[in-house]
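2 protein chains.
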Amino acid sequence: MAPPSHCYISNGAPQNGVVVPVETGTLPPQDSHLLDPDEFRRQGHQVIDFIADYYARMGEYPVHPSVNPGFLRRELPADAPSRPERDAFDAALRDVRDLILPGLTHWQSPRHFAHFPASSSTVGALGEALTAGINVVPFTWAASPAATELEMVVVDWLGKALHLPESLMFCGGGGGTLLGTTCEAILCALVAARDRKLADIGSRRIGDLVVYCSDQTHFAFRKAAHIAGIHRDNCREIATCRDDMFALSPAELHAAMQADVDAGLAPLFLCATVGTTQTTAVDPIRELSAVAAAHGAWVHVDAAYAGSALVCPEFRHVIDGVEAVDSFSTNAHKWLLANNDCCALWVMRPSLLAAALRTEQEYILKDAAAEGHDVVDYKDWSVTLTRRFRALKVWLVLRCYGVEGLRAHVRAHMSMAASFESMVRADARFEVTATRQFALVCFRLRSPEKLGGEETANELNRRLLEEVNATGSGPYMSSAMVGGIYMLRCAVGSTLTEERHVREAWKVLQDQAASLLRKMEIDN
Amino acid sequence: MAPPSHCYISNGAPQNGVVVPVETGTLPPQDSHLLDPDEFRRQGHQVIDFIADYYARMGEYPVHPSVNPGFLRRELPADAPSRPERDAFDAALRDVRDLILPGLTHWQSPRHFAHFPASSSTVGALGEALTAGINVVPFTWAASPAATELEMVVVDWLGKALHLPESLMFCGGGGGTLLGTTCEAILCALVAARDRKLADIGSRRIGDLVVYCSDQTHFAFRKAAHIAGIHRDNCREIATCRDDMFALSPAELHAAMQADVDAGLAPLFLCATVGTTQTTAVDPIRELSAVAAAHGAWVHVDAAYAGSALVCPEFRHVIDGVEAVDSFSTNAHKWLLANNDCCALWVMRPSLLAAALRTEQEYILKDAAAEGHDVVDYKDWSVTLTRRFRALKVWLVLRCYGVEGLRAHVRAHMSMAASFESMVRADARFEVTATRQFALVCFRLRSPEKLGGEETANELNRRLLEEVNATGSGPYMSSAMVGGIYMLRCAVGSTLTEERHVREAWKVLQDQAASLLRKMEIDN
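Same order as they appear, the protein sequences are chains A and B.
So the first sequence is numbered by our numbering: it starts at 328 and just counts up by one.
So the second sequence is numbered by our numbering: it starts at 328 and just counts up by one.
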């Protein structure tokens, strides 16, 4: 790693051993300079070239850096500079290149197969840049009318593109919004559901409310429930099994809800998942919604990852019955080319959301034009008041790639994942551990009988993942632990990933597996 | 407003009366094209020029558009295009210019004096662009080590620049994080406080917890408390008065807490404000903290707006006693040149935050290098798991402007606000309605006796604000209602605002006031 170029001034103290006399610092910029169009142009073109160069060299970086905790903190001064150094922006960009980029995990690398993708596109990235440049705060309709209206248009566009029912869209009496993350989306839906239920059963009975999910549901749900004041004992994580492809069982849900009712508790909320984080399991929405409806519980569908796949009609079946749900969310930043962050939330009854999250104060400017109209003030649809103009990015992505473009994008990854799966299946040393539903392949190395078979399988695969991820030039993957089985996850979804990267990843896996098995046999 | 240029294809349906045959649509882009460096360069340079042109023409836009609800929704097609039109990106940028910009409220206008500023800088905007381009998801240390470490460095830099005590920084055993908004920051602190208190008094007593603020505290606090499950009856809004400059009274707080204790309730949390939204009132932190400590309540300081002023040592006194508080937050996107969004939260005991918000699941990759180290996983410090690399922007702003640059920025606005205040005071028809503490001036037009004096003053000022905001070429301001008095707010803080804009704004106010008074006298 290159030495830091920080020789700027910080309270006159020596930085990294270099004492810099105060007078070499440039004067602080005049205020008028801070948003100067020509300065913006000069620096902006540098930034664009910087990012383009980064994309061009993406394949050369190890996906994950080989660094230890503290590696960067130790390199940087303890204080911000009093005055900027000479050519501070140029120097800072050099530091981003030489100090920061080498310490990042490169989520855009074509060899990033870990977690779920954080899919980027040129249009998504530039949509964010535009939003930052325009820098409006559309917390009410009046605070930036076009931003609110574009968001209303875009959530309907996106909802239709994903084949959601009109009841969840503005055009059908529902509506949507663009938040940051799934946890926020679930929290908002949950608070709306909670308030409705407490209005019904008595506002002092928060301790009696019970929420439901499966043991595969993302922790974001338990976190949201905890934040919303649901008692930790009142979160039912219903066990799933491999025979059911790790889907939540409606019969088990019914039993759990009935037991709670019998105990004097109040079923509040079901978080069903389409495409779980560990294995992309799909909960049966229609049947689960019927059970929840019988107990007066709100149904939210978390399709954080797999929601993007709904852009392809061939996947519509995974949300069969979605007409009955109260809310639905998906992360457009995961697999739909809208850079981080962007979670779309749709609700069937926006008035319940607003009733729970509304704020009113005099300093909120009312617009005379909005009087008498039922305008949407998005501050009443989310945790936050301040918000970003995320709609611009999503609108640009839909405009510039079209629904067909998004389909092609998703299908390309599905096809690569299918290839990877075939390669796993063709090698008898490995097995596919969960039925592939989207572009995630869960698999593991079988442990040979002489090495201890099942008892050592988990340890073997842990070591395999460590070895593979340590190659630097190879793929970067993550793992899941489901039903006691440790498995590797290959999530195809980086925009830059091509068929060859998938083949190369498999080759590295095979080589590391062979080497690991050899080593263990010798050790044995 | 120019007609929309949307003649792209959407399910073959006519758009705006123009039927476009399917074959004229361009083919969806190949996946490899979606993050192509050359394409990014081409589109990126366009976007930079677009934003620079916007800044150059900023003064020409009316700050607030004259539009009616539905104006944009009616102009746009009901569906996203199936395939992109030819030169879709260029066409979309034209639509941003011709359709969207004219419908926005221009927060960067030098004549935007409403709400609080959303201060932009070239470096802040480009920091966001860089973050979007790099597009990493630093939810754990391992998920992008340099991003986590830079955030740890930057919150300490910022805390020191703002003269916060080391007990709130990593270097002093505390620590900070960069979130989106104040409401999130308060919610996180509140959940940490709630869990600590419930561990103490019994986990089933959430209904007994009471939170405290003043009648001037931003609604974000009540919203956060409501989300966290605090009963609406258990939020004490303590009345303030003009004689105390609308500050929260420690004696009143003590009385309220004691009454709750006597009633068997448990004081949980005080949200003190430094720089309230309506009049920038400053709550006395030292005295309030002593009262809260005596009752075991957590103290959070919300300095959303005025926190930025702490970069100037002459304002340090407004947080006297801050060493005793549990948490502190400020919005760097309001007045510190870090574009929307960026709220810095510091806490004295990070372990309490993590205990309340931690998540653990197998798919979260552990890094071998992090084993045995006490690394910060920022997902455990916030509502969300997915998060943006906001530290990059703040680091760039501090590097490129320096602490002195930020001071000059704040002081320039202070000085302009002082000028505005002097002009108000010099005109006997007007009065300053709240002591100016930072760069916000609260004022009103006095109602002449013959028009009804006090009884009509509020109505008169409402009309004045409407008239001023309707001029289009004039300033855009907002209002407050405090102690029954309706006042106008002139918040100086847009980066592009210069002394002349403040003088021009005052001239428009005087002219509109004269005209309004004339009109009312005639009507009388």
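No lab work stands behind these hints, which were simulated from the structure alone.
The structure presented is a predicted model; accordingly, all values stated were derived computationally and were not measured.
Just so you know, even glycine gets a beta-carbon here, dropped at the ideal spot from N, CA and C.
Mixed in with the good hints, there may be bad ones.
So the derived label-pair ranges between C-beta atoms look like this [stated by the list, open to error]:
#1 B:A621 to A:R369: 45 to 51 Å
#2 B:D376 to A:R559: 52 to 58 Å
#3 A:D425 to B:E650: 36 to 42 Å
#4 B:D542 to A:D425: 51 to 57 Å
#5 A:A383 to B:E650: 23 to 29 Å
#6 B:D414 to A:I812: 15 to 21 Å
Which residues of chain A face chain B? A few of them, derived with a C-beta cut under 7 Å, are [to be verified]:
#7 H372
#8 V374
#9 Y382
#10 V702
#11 A755
#12 T798
#13 S800
How the hints compare with the structure:
At about 57 Å, the CB distance of B:A621 to A:R369 disagrees with the hint of 45 to 51 Å. Here the CB-CB span from B:D376 to A:R559 is close to 54 Å, well matched to the stated 52 to 58 Å. Checked against the given bound of 36 to 42 Å, the beta carbons of A:D425 and B:E650, roughly 38 Å apart, stay inside it. At about 52 Å, the beta-carbon gap between B:D542 and A:D425 stays in the expected band of 51 to 57 Å.
Taking the beta carbon of each, A:A383 and B:E650 are about 50 Å apart, not inside 23 to 29 Å as hinted. For B:D414 and A:I812, the hinted distance range of 15 to 21 Å is not satisfied, since their beta carbons lie about 51 Å from each other. Below 7 Å, beta-carbon pairs count as interface contacts, and A:H372 has one with chain B at about 6 Å; its hint therefore holds. Of the supplied interface hints, the one on A:V374 holds, with its beta-carbon coming within about 5 Å of a beta-carbon of chain B, less than 7 Å.
At about 4 Å, the closest approach between the beta carbon of A:Y382 and any beta carbon in chain B falls short of 7 Å, and the interface hint on this residue holds. Taken as an interface hint, A:V702 checks out: its beta carbon lies about 5 Å from the nearest beta carbon of chain B, inside 7 Å. Interface restraint check: A:A755 against chain B, minimum CB-CB distance 26 Å, threshold 7 Å, status violated. Interface restraint check: A:T798 against chain B, minimum CB-CB distance 13 Å, threshold 7 Å, status violated.
Interface hint status for A:S800: violated, as the beta-carbon distance to the closest one in chain B is roughly 18 Å, over 7 Å.
When held up to the earlier numbered hints, the structure conflicts with 1, 5, 6, 11, 12 and 13 and fits the remainder.
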